[in-house]
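Student: Residues per chain, in single letters:
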Amino acid sequence: MAQVSAGELPKLAVLFERHHRALFRYFVSLNRDRELSEDLVQDVFFRILRYRASYDPAKAFTAWMYAIARRANLDRARDRRAEVIGIESVVERRGEPASAAPGPEERAVKVQNLGLLERALDLLPADKREILVLSRFQEMKYEEIAAVLNCEVGAVKVRVFRAVRALEQIYFALEKEKAS
Amino acid sequence: MTCEEMESRMAEYWSLTLSQEEEVAVEAHLAGCEACRVEAQRLGSLWRDLARLPAQEPGAGVRERFYGTLAAYRDGAAAARLERPSPARSQLARVWQIAAGVALALAGAGAGYSLRSSQKANAEIAQLRGEVGNMRQLVALSLLEQQSASERLRGVSWAYRVEPSDTEVLSALLKAVNHDPNVNVRLAAVDALRPFAASRSTRDAVMQSLPGQTAPIVQVALIDLLVDLKETEAAPELQRVALDNATDVEVRQRAQWALEKLQ
Numbered sequence: 001m002a003q004v005s006a007g008e009l010p011k012l013a014v015l016f017e018r019h020h021r022a023l024f025r026y027f028v029s030l031n032r033d034r035e036l037s038e039d040l041v042q043d044v045f046f047r048i049l050r051y052r053a054s055y056d057p058a059k060a061f062t063a064w065m066y067a068i069a070r071r072a073n074l075d076r077a078r079d080r081r082a083e084v085i086g087i088e089s090v091v092e093r094r095g096e097p098a099s100a101a102p103g104p105e106e107r108a109v110k111v112q113n114l115g116l117l118e119r120a121l122d123l124l125p126a127d128k129r130e131i132l133v134l135s136r137f138q139e140m141k142y143e144e145i146a147a148v149l150n151c152e153v154g155a156v157k158v159r160v161f162r163a164v165r166a167l168e169q170i171y172f173a174l175e176k177e178k179a180s
Numbered sequence: 001m002t003c004e005e006m007e008s009r010m011a012e013y014w015s016l017t018l019s020q021e022e023e024v025a026v027e028a029h030l031a032g033c034e035a036c037r038v039e040a041q042r043l044g045s046l047w048r049d050l051a052r053l054p055a056q057e058p059g060a061g062v063r064e065r066f067y068g069t070l071a072a073y074r075d076g077a078a079a080a081r082l083e084r085p086s087p088a089r090s091q092l093a094r095v096w097q098i099a100a101g102v103a104l105a106l107a108g109a110g111a112g113y114s115l116r117s118s119q120k121a122n123a124e125i126a127q128l129r130g131e132v133g134n135m136r137q138l139v140a141l142s143l144l145e146q147q148s149a150s151e152r153l154r155g156v157s158w159a160y161r162v163e164p165s166d167t168e169v170l171s172a173l174l175k176a177v178n179h180d181p182n183v184n185v186r187l188a189a190v191d192a193l194r195p196f197a198a199s200r201s202t203r204d205a206v207m208q209s210l211p212g213q214t215a216p217i218v219q220v221a222l223i224d225l226l227v228d229l230k231e232t233e234a235a236p237e238l239q240r241v242a243l244d245n246a247t248d249v250e251v252r253q254r255a256q257w258a259l260e261k262l263q
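As given, the protein sequences belong to chains A and B, one line each in that order.
No gaps in the numbering here: position 65 of the first sequence is 65 in our numbering, and each next residue is one more.
No gaps in the numbering here: position 30 of the second sequence is 30 in our numbering, and each next residue is one more.
Treat the hints as calculated values from the structure; they're not laboratory data.
A couple of the hints might just be wrong.
What the hints assert, rightly or not - Only some residues are given here: those of chain A computed to face chain B with a beta carbon under 8 Å:
(1) V14
(2) H20
(3) R34
(4) L36
(5) F45
(6) L117
(7) E118
(8) E168
Beta carbons are placed, not taken as given, at the ideal position from N, Cα and C, and that holds for glycine.
Let the sequences and hints guide you as you build the complete structure.
Tutor: This is the structure in structure tokens:
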């Protein structure tokens, strides 16, 4: 990226080849919309071109790129005003208090149904979904995620844990619904 | 370590990225706290399953749009740069900058529009061509390094767009011919060698590649290439292939046919 920043525009092709799939997955995970996600990938590389002079070579490129990606997504979302279903509403909709969920032994069974897990991820509030995508799918370091989300590293670690916990509650709510 | 402190350790515990000291502390807490132990096991299983979710791939159009945008941006930027040095023409430079922006927006929308100027000196055009050639080389080389076979195939097709004198792309193609695990990539790379065949080293490399190939279809393609190039120096190697009992019978027949053609 340092070379792109210095005016070596063709080098951007290398960055594109390296990162565009992961970026696409990030956007699809957030929006569940392939077409929109492809547009957002273009947005990100367009912004990298435009703002290349503002890149600081001393900092991690991935964090800088995801900060741009995040802003691009927020800009699009502002127009769409997508409605996000929170975990409370999922549990509430099924008329089941959290305490009525299966006991620890039942829950310890390995997740078999990846389709159900994917649905649960869709129902997770956007901020929790995002932090899981960054930490699990993009395999970013917590320091990098902290730079992207503009928060403390310790906060990132706790938020990842709480997102997994919330995901599990939704997953089992869905599984219970399916079984009944 | 308290139950609350565990919250900031669990993700790293699942990912095996805790320091040894911290891991010992977490294990000690888990050994004495059933609630945390059960939850760590449950959520850890979910954490592992997340990695099994299939990744969605973007469509091929994403790549085309990106390279269209990049090319238009470069053309636009080059045009703007040419006009910028003269303060008297700052108004014109602004027009170019706007034009560059328009070109970029159109390319981004998939219109494939590219900005050209009829007023540029030959030297500038030559420089621009050189830069575009450089970009093509980078695209071909980076695609040829990709993990997915379809990406490497795209890299091979980009190799047609570079200058035949490009030795870096040539050696990447030869590497693909000799070592790519996918037969389709090897086959496509053999075909892509044709524009480079004027050089002696390419012809030698094609001849050397023949005995090492395992797929008969690639061997036949190499033999055909040698015939097309009228490479008479390949006769001894073709003779050897034609007589080698361990070689596929169709390949041997093709080698025999090639020997007759080259006489």
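Student: Are the hints correct? Go through all of them and say.
Tutor: Status of the hints after comparison with the structure:
no.: 1; hint: V14; result: holds, 5 Å
no.: 2; hint: H20; result: holds, 6 Å
no.: 3; hint: R34; result: holds, 7 Å
no.: 4; hint: L36; result: violated, 12 Å
no.: 5; hint: F45; result: holds, 6 Å
no.: 6; hint: L117; result: holds, 6 Å
no.: 7; hint: E118; result: holds, 6 Å
no.: 8; hint: E168; result: holds, 5 Å
In summary, the one numbered hint that this structure violates is 4.
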